[in-house]
Amino acid sequence: MLRLLLSFALFATASTAALADVKRKDGSVIECYCTDKFGSRHEIGDIICLTVDDRSYMAKCIMAQNVPHWRDQKLGCLSSEAPKMTPKPSDTAIAQLLR
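Be aware that the sequence shown starts at 3, since it is given in our numbering, and climbs by one per residue.
No lab work stands behind these hints, which were simulated from the structure alone.
It is possible that some hints are incorrect.
Stated by the list, open to error - Listed below are the simulated EDC-like cross-link pairs for lysine to aspartate or glutamate, each with C-alpha atoms no more than 20 Å apart in a straight line:
1. LYS76 to ASP48
2. LYS62 to ASP28
3. LYS39 to ASP28
What the hints assert, rightly or not - Each pair of labels, with its calculated beta carbon distance range:
4. LYS27 to ASP56: 21 to 27 Å
5. ARG43 to ARG101: 49 to 55 Å
6. ARG101 to THR53: 34 to 40 Å
7. ASN68 to ASP48: 16 to 22 Å
8. GLY41 to ARG73: 43 to 49 Å
9. LEU100 to GLU45: 51 to 57 Å
10. ASP28 to ARG73: 30 to 36 Å
11. THR53 to LYS27: 37 to 43 Å
12. ALA97 to ILE50: 20 to 26 Å
13. ALA66 to LYS25: 45 to 51 Å
14. GLY29 to ILE49: 30 to 36 Å
15. ILE32 to LEU99: 56 to 62 Å
16. VAL31 to LYS76: 31 to 37 Å
Idealized CB from N, CA, C, for every residue including glycine.
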């Protein structure tokens, strides 16, 4: 009997989580997502490399108090760990210097 009750409780919890979408009064689902600085859409749970000011870091799109936002994952982006590259002078710039 205890197994049956535990199974029922687990099923009830799982089915409630599936109904957790935010809905309007008319029944339509309100879509929740994050956007990056270019306006690209990222779904809840997506992890991307964000650059804010001069700092790049891995961030995850999450919901907190019904507001989607980016949470820092305390990991640097692979590209942010690369050494800064100095631009290679073009042939025209070298020709101007040699004049």
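Output the numbers, in ascending order, of every earlier hint that fails for this structure.
When the structure is compared with the hints, numbers 2, 3, 4, 8, 12 and 13 turn out to be violated.
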